[in-house]
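Chains A and B supply the protein sequences, listed in that same order. Just so you know, we're using full-length UniProt numbering here: the first sequence kicks off at 1 and counts up by one. Just so you know, we're using full-length UniProt numbering here: the second sequence kicks off at 1 and counts up by one.
Worth double-checking, as some hints may not be accurate.
[Unchecked claim] For each label pair, taking beta carbons as the anchor points, the in silico distance ranges come out as:
#1 B:G228 <-> A:L73: 37 to 43 Å
#2 A:R252 <-> B:D293: 33 to 39 Å
#3 A:R252 <-> B:A341: 23 to 29 Å
#4 A:P122 <-> B:G26: 56 to 62 Å
#5 B:H358 <-> A:E110: 37 to 43 Å
#6 B:D386 <-> A:R252: 52 to 58 Å
#7 A:L337 <-> B:D108: 52 to 58 Å
#8 A:E110 <-> B:D156: 53 to 59 Å
#9 A:H358 <-> B:R111: 31 to 37 Å
#10 B:P122 <-> A:A251: 51 to 57 Å
#11 B:I103 <-> A:I103: 57 to 63 Å
#12 B:G228 <-> A:P122: 36 to 42 Å
#13 A:G126 <-> B:T36: 45 to 51 Å
#14 B:G26 <-> A:E9: 25 to 31 Å
Derived from the structure by calculation, the hints contain no laboratory data. For each residue, glycine too, the CB sits at the ideal point set by N, CA and C.
For reference, the chains in residue letters:
Number of protein chains: 2
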Amino acid sequence: MRVGPSQDEIRRQNLGALLRHVHVHGATSRAELTTTLGLNRSTIGALTADLAGAGLVSEGTPKETGRAGRPSLVVRPESARVYAYSIEVDRLRAARVGLGGEILDRRDLERPRGLDAGETAPLLAGALKEMHQSVPAGALCVGAGVAVCGMVRRADGLVRLGPTTGWVDEPIGAALADELGIDVPITVGNVADVAAFAEHARGVAAGCDNVIYLYGDVGVGAGIIAGGRRVTGHGGYGGEVGHMVVVRDGARCECGSRGCWETEIGEYGLLRAAGRSDARGREALLALFDAADRGDARAQTAVRQAGDWLGFGVGNLVNIFNPEMVIFGGTMRDLYLAAAAQVRSRLNQVGLPACLEHVRLRTPKLGEDAALVGAAELAFERLLADPLDVG
Amino acid sequence: MRVGPSQDEIRRQNLGALLRHVHVHGATSRAELTTTLGLNRSTIGALTADLAGAGLVSEGTPKETGRAGRPSLVVRPESARVYAYSIEVDRLRAARVGLGGEILDRRDLERPRGLDAGETAPLLAGALKEMHQSVPAGALCVGAGVAVCGMVRRADGLVRLGPTTGWVDEPIGAALADELGIDVPITVGNVADVAAFAEHARGVAAGCDNVIYLYGDVGVGAGIIAGGRRVTGHGGYGGEVGHMVVVRDGARCECGSRGCWETEIGEYGLLRAAGRSDARGREALLALFDAADRGDARAQTAVRQAGDWLGFGVGNLVNIFNPEMVIFGGTMRDLYLAAAAQVRSRLNQVGLPACLEHVRLRTPKLGEDAALVGAAELAFERLLADPLDVG
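Pulled out of the complex, with its shape left as it was, chain A reads as follows (with noise of 0.2 Å):
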């Protein structure tokens, strides 16, 4: 039952507004956020001075405008105090980000192969200490975020199926706050939901309410907006479009079930098709692309088929959702590029005209750190939702 909001609530809300903007839109002016906000002058140099207060924000003269008059003060986020780390398991790497979305520190690890939740964890938490040891004095960390491959149970981290690592209910959430030592709160979402969340913030989504960020790998996992809001599901497992099955009792999947669609378009099924299946990884499928770009047939054959498949998975999503815009991002980006008139070809068969007329077809903004800024952006939530309270 919805019920309203309370003085306090309505001054929180009006912070975590404030403080969004600029995380998000960077230095801003007060004038610019009295008509963005609509909230009033006084307004908003109360509620700037409460966040400043708190060491979120700080207020400057801006840079030289052109403009005669005095020039209205700047808001910006402080990016450099304000902070949360930030993991993304599959690929071993961890970042300090900055409010406003900036990477301030980075570690990308060696990525060694069948490490279990409680061998990965001590390998990313201590590229946190490392990085948690130049953290400027006074420094405020609002909390981690994990972006995992797989799918994640909301409520405790636990990986239940990691295509990429192999995991089987994993708890990779409670051995990162194990090993962490650092008392700050860790969320854990899937990939493609974080890098979803960040290009819808601060990337090619941007301003888009309904979007569908495909997220490839070794398995094929979605980021869905519907209406402004995240699509996670009951249990936080919403998203696994990989296992759409598309062939009745088609070839056998990594999940147990047969004719996945990541059976078609993720990194075995195309490299099987093209006869490869012994190759592996990231660099084994772009491989496999570049002998299709300098005319190899199988290597094109492969490629184009998985592309029809591509867009017949994704006719599926447009006519499920009608969404404005479908991201490719990792492997999936890859084969749209490689693919593209088969992917159009089948997917204007497949979607139904009203739900095509309007969708846009796009690569990430963010490009590969799109899934540590979406996982920062998890732990952002947290300050943005009641700012004086973390911060």
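For chain A, the structure is supplied; the task is to place chain B on it using the hints.
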């Protein structure tokens, strides 16, 4: 950008929350409202007075409680005074629905086939006008909600594709507005969407935030609720799950594509598979289920096969949305009940274990009237968003 609400907005939200509570739950004591809405007694008293002043609720003593002491006053929705009109286009049904969801009056018309929007609107408008004559003086109409089997453009209620009617780009919203001559806002929605809305508000899915309501007729569509909110897509076309392609290059579908899910589980596909291609309509389907039940081998095979396909598509949707509940409405209810074993068996093969853990399969609670009640909810939404503006 989200901004905090003003004083006026808080009051509006609180009025809406109180009115929504009695609309959904019926007569409620002030004491219970205080607890449920988290507002203090004087606020509840003031809000109730405002709503009563606008004629939206009334207060009175409760029925005998058997307890000692002065009983808390009970707040009731003014169901006989405040109402919405509700129309189901494909079945040519119309109703007057009171605040609280009670059907106060209704008309079920004969259903001629082959009418366009311009021919349908006068029939429905006639039924509404007839009902309008017996509305008590001083009653308040908050709007009209319209349910259509098909893809409805949110902006203006244009029916882009109606599988039952055969409509393509028929302006039923505009045609009804022209014919009605009653000055009320008209909102047009898809029948599965509005039925899902009704089951979520006051039916089997009350309290569930992630729900798929599958509705079958000639076509098959879904009303989808994710995170407590309806998923309707960019233009209003979301939920066209019947056009999820399940057989690449399969049987020709009415939409122009091939192998759509509804070619396997929709009315035409089922009747064709049973060798009854000449038959049409719900009665023909019920006769088919009846024949299967009596042991007709061909009918049994067709029903089991369709049940298998039903479980297949539901498995895909369960992987994509991770819902708590799937509801089978319209002909999908009949198919589910006739082939539950096949549905569950295939669902268990296709669905990911984590997504299957909490999902419940259910039939509608509101039965045949779900769409009429849900269409009225479209109209009541405006009232609940700002009670005193409409009241």
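Range agreement (Cβ of D293 (chain B) with Cβ of R252 (chain A), hint 33 to 39 Å) = 36 Å Cβ-Cβ, so the 33 to 39 Å window holds.
Range hint compliance [Cβ, I103 (chain B) to I103 (chain A), 57 to 63 Å] = With a Cβ separation near 59 Å, I103 (chain B) and I103 (chain A) satisfy 57 to 63 Å, so the hint holds.
Hint says 36 to 42 Å; check whether the CB-CB distance for G228 (chain B) and P122 (chain A) agrees.
-> holds (39 Å)
Determine whether the Cβ-Cβ distance between R252 (chain A) and A341 (chain B) falls within the hinted range of 23 to 29 Å.
-> Given range 23 to 29 Å: holds, Cβ gap about 24 Å.
Return holds or violated for the Cβ distance of G126 (chain A) and T36 (chain B) against the range 45 to 51 Å.
-> holds (49 Å)
Status of the given 52 to 58 Å range, CB of R252 (chain A) versus CB of D386 (chain B) | holds (55 Å)
Consistency of beta-carbon spacing, E110 (chain A) to H358 (chain B), with hint 37 to 43 Å | holds (39 Å)
Would you say the C-beta atoms of G228 (chain B) and L73 (chain A) sit inside 37 to 43 Å of each other?
-> Given a distance of about 39 Å, which is inside 37 to 43 Å, the answer is holds.
Between H358 (chain A) and R111 (chain B), does the C-beta distance stay in 31 to 37 Å?
-> With a Cβ separation near 34 Å, H358 (chain A) and R111 (chain B) satisfy 31 to 37 Å, so the hint holds.
Does 52 to 58 Å hold as the CB distance between L337 (chain A) and D108 (chain B), or does it fail?
-> With a Cβ separation near 56 Å, L337 (chain A) and D108 (chain B) satisfy 52 to 58 Å, so the hint holds.
Does the Cβ pair G26 (chain B), E9 (chain A) satisfy 25 to 31 Å?
-> holds (29 Å)
Are E110 (chain A) and D156 (chain B) spaced within 53 to 59 Å by their CB atoms?
-> With a Cβ separation near 58 Å, E110 (chain A) and D156 (chain B) satisfy 53 to 59 Å, so the hint holds.
Hint compliance for this structure: every hint is met.
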